[in-house]
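Asks: What follows is each chain in one-letter form.
Number of protein chains: 2
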Amino acid sequence: MSQHIVVIGGVALGPKAACRFKRLEPGSRVTMIDQSSLISYGGCGIPYYVSGDVSDAKELSETSFHMLRDPKFFKEVKGIDVQILTKATKIDRENKQVEVESVTTGETASISYDKLVIATGASPRKLGLPGEDLEGVSYVSNPGDATRIREAIAKGQVSNAVIVGAGFIGLEMAEAFADMWGIETTVVEIMDQIMPRLVSPTLAKMGQKHMEENGVTFHFGETVKALEGENGKVTRVITDKRTLEAEAVIISAGVIPNSQIAADAGLNCHERGGVFVDEFLRTNDPDIYCGGDCAIVKNLITNQPAYLPLGSMANRQGRVIGNNLAGGETRFDGVVGSFVVKMFESSFAGTGLSLGGAKAAGFDAISVLLTQLDRAHFYPTKELMNLEMIVEKGTRRVLGVQGFGSSGDAMVGRINAVAAILKSAPVIEDISNMELAYAPPFAAAMDILNALANLADNALRGINRGVGPEGFKEMWDDRESGECFFLDCRENADAAAFMERNPGQWHNVPQGEIYDRLDEIPRDKNVVLVCNTGARSYEAQIMLDEKGYEKVINIHGGMAAIKKYGVDL
Amino acid sequence: MSQHIVVIGGVALGPKAACRFKRLEPGSRVTMIDQSSLISYGGCGIPYYVSGDVSDAKELSETSFHMLRDPKFFKEVKGIDVQILTKATKIDRENKQVEVESVTTGETASISYDKLVIATGASPRKLGLPGEDLEGVSYVSNPGDATRIREAIAKGQVSNAVIVGAGFIGLEMAEAFADMWGIETTVVEIMDQIMPRLVSPTLAKMGQKHMEENGVTFHFGETVKALEGENGKVTRVITDKRTLEAEAVIISAGVIPNSQIAADAGLNCHERGGVFVDEFLRTNDPDIYCGGDCAIVKNLITNQPAYLPLGSMANRQGRVIGNNLAGGETRFDGVVGSFVVKMFESSFAGTGLSLGGAKAAGFDAISVLLTQLDRAHFYPTKELMNLEMIVEKGTRRVLGVQGFGSSGDAMVGRINAVAAILKSAPVIEDISNMELAYAPPFAAAMDILNALANLADNALRGINRGVGPEGFKEMWDDRESGECFFLDCRENADAAAFMERNPGQWHNVPQGEIYDRLDEIPRDKNVVLVCNTGARSYEAQIMLDEKGYEKVINIHGGMAAIKKYGVDL
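As given, the protein sequences belong to chains A and U, one line each in that order. End of the first sequence sits at 1370 in my numbering; the numbers just go up one at a time, nothing left out. End of the second sequence sits at 1370 in my numbering; the numbers just go up one at a time, nothing left out.
Don't read these hints as lab results, they were simulated from the structure. Treat each hint with caution, since some may be false.
Treat identical chains as interchangeable: a pair holds within one or across any two.
[To be verified] Using 25 angstroms as the maximum straight-line C-alpha spacing, the simulated PhoX-like pairs for lysine-lysine come out as follows: (1) Lys1326 with Lys1348; (2) Lys1348 with Lys876; (3) Lys1348 with Lys859; (4) Lys859 with Lys1364; (5) Lys1026 with Lys1160.
Could you build all of it, start to finish, from the sequences and the hints given here?
Replies: Structural data, given as structure tokens:
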């Protein structure tokens, strides 16, 4: 039975669904329409084009072997009819027609469908600020934006830039400006950290410090009030606290699903936008499918509706829709929220819930931070990696893992291993005993991911009771109160410089000597144990517990995490 | 209740179990005995010490912060009594005693235990060859071997080396010799490929070619008959086919579990050695635990007994035993067989069964090979990665994934994501839709792992019917028979050089022109479709299927895999 499939939207999910369907049913017909003239581009690549990592914007619209993915390509190579510069104005479900309008001529027409795919994507959230339409203000949402930004840079017109929003795109654009072009770059974020809700304040601080060291300035808890310009071009950003010079402004304040056409057609949508779909990615009309940036999915950890506008999800969903258009029953159950973002020589990556996200979703959760080498300690290319695990207290269920580190691929590999099992509600033991590939150039014999789960286990057992560098900083900043006794339990040679710089505050008893030197360690103060990464101080904690000490706090991540976090001792 | 735990064996599992237990029960006593004077060293690091990557053998016996893990360290830092140069001669289960003998004085004694841990490890398999005891013949099993080899190299006494066995250690040692020291290095392997049973002949060939390009010579299907020497030092290796000069010989022919003492005590052992344990790592005596290189575990894919002598498994098992000694009920269910080995600038990694392993275990399985970029095709650091997936036909169960590629961490990350779910008997869809972290510097929007599962799906559906470069080579070598029509379906510019070099054999119709040029493509021959990596030729296959062609073969991995495999076109 030959069908006619109509796909509204020619980027990511649309082409993927169209091509997959066409391969399964070569005898059927597919029409893909898009209001723009540019289709099937890799929007996620825009920051790398702006930075110069990608030399030509055309590469974002090419296959891996340099074929331009234009309507001719889709016709000849994929057998798909594409109508560009064609806007879908209405879905007539009763007559199974899409009403369309030519963007150039205004001419209207109707296209009949057997099945319809809504792949309308999302639009950048505009802030409605005075001056937001000035030249030089951009949302990084399509290759046109990218080309304009890079041309302005190439012409030497941009010596300073302001980025509004410290999420994925904001951070990637900050790197693009500051790294390759040496542009004075400032990020303004309304929340009090980068990557709010996605990573903990501790990891965020490590990332922020790394970006600051690479020349990016941050202002947190600050709201942009207006953009001002001269001769129609932006020159200044006015926040509630200051005025910033800016020859380029990037607004990266999230995106809004383009679901109005679906809502108008009576399809179930979320109140804040986005089309609801079932596990086969069907809307409440069984002949209409939807996915990608315009769809609402299920978060498989919270079981709540979720919105995850990512090119990777759109591609996977596109294939699912392609299968199901051809009579399949392929499922897309939902998402756990995996991500990675490169920032100069380091990266954030994560999957599942952060501690903040877990608490907001009603979980009684804790998090633990581990700073450890990513490969055998004797292997020359080893690097310290920081991983945080979020665990539900009673059930020992692992809710998420996030990390910050400099070996990006190695960290992403660990995150992916957790992501792979996260929807099955793993418990700590599943990760303690996960069988990761091992050889000294790639992992420690006890991999950092196994060790992270072990740390969570020890924390829940109450035998490793500690806080991360953020907790340390609070206590250290309050050191004059005398409530805490800071005990460096490394060898004297490691501790000596810190004792010299902090006389009377920084103490040293090597962990192996603790039983012999208990009289130097007070019982009436919080004993704050510090070593290089938190492993030896954990041994010290067990020894002090054994001797009846009641107020012992281990600093997770030790001096390595404290330094990354930016405490100056 | 205070206990006395006795641990026989001071490397990997023994110390791990001892330390974990001691942290959980600081009031109990632990005695660890070892017949050697050197304990708790990272044996997996030996090839990296020989190569010079690790500058001092001492590093292999140190913690990550340079504390030597000697008896004094275990006493002071871990609270564990260590008796070195003490050989356990008998386990007296009735009286719960271990009989020991001093290696230096021959003095005997008995040590009582409440619970016992057998961590006796494994010994290298000796071949029983004439001349095997000559100086310069080594098994790379302890730091002493390593030091001797490296000293000989440093003194300029080694200009050529022969390695017997092309498994993990053999390949790592071949790299160590050839890469850092420029030693003429030959590997002799009794089977017909490197990494037999662990990776497919196709991946093995890619790895072999890479090592040959780095100066290593291989002889397959060849048996060593004798070692010959002068003045007590090895100089030649005699095989059934040739004589090889060798100033150093490494025998890496696997290891044998040291389980005789357990068998003598009536503990259940495998007929070929190795102690059987339950899911709590207890032997059939509930007071005796065993793990690491001397234990037999369960393969969670075949449900058969397995032997996996890996430092990583020993460490994880050590923690499990430590927990259970302290009254816990931590499980170690078995293994899926994850591995990675670095070879110069490339690596093999894998988890689960290879196609050969799957067939040997009775699975009706197929494998598919995918060669694809590991990150966004427009991102500058992208590399081609080769992944092979093994799938059971009827159930669509994924049995294993192996890979060969140059971005080691990135490939290991994919393998680990599969390893994480492999024991839950995943099906293709679980990997098609796996939610891997995505950003262009780390992954393609459709990650290679998702794409690999999609390829397996397409193969089982019968819409992508193909073979890898090995199958291509067979057909190409037989090209004069005229049975195959080799059709390059890339653009003419890509195909032209190959047509010129192979007139009348290499044909070209770009995939987009196939419908217009069907008369150039014969229906009575096997049409062998080739493109860059197998994706476009898959589209071509669908077009030819649609036109009723019956004998169409797609080359998986395309020209990229063919080149890696070493076919000269």
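Asks: A separate judgement is required for each hint: does it hold in the structure or not?
Replies: Taking the hints in turn, this is what the structure says about them:
Proximity of Lys1326 to Lys1348 under the C-alpha cut-off of 25 angstroms is restricted to the intra-copy arrangement: shortest distance 15 angstroms within a copy versus 83 angstroms between copies. In this homomeric assembly, Lys1348 and Lys876 come within 25 angstroms of each other (Cα to Cα) only across copies, at 17 angstroms, whereas the closest approach inside a single copy is 77 angstroms. Taking identical chains as interchangeable, the C-alpha atoms of Lys1348 and Lys859 are never at most 25 angstroms apart, the minima being 68 angstroms within one chain and 34 angstroms between chains. Taking CA atoms no more than 25 angstroms apart as the test, Lys859 paired with Lys1364 passes in neither setting, with 42 angstroms inside one copy and 28 angstroms between copies.
Taking identical chains as interchangeable, the C-alpha atoms of Lys1026 and Lys1160 are never at most 25 angstroms apart, the minima being 31 angstroms within one chain and 67 angstroms between chains.
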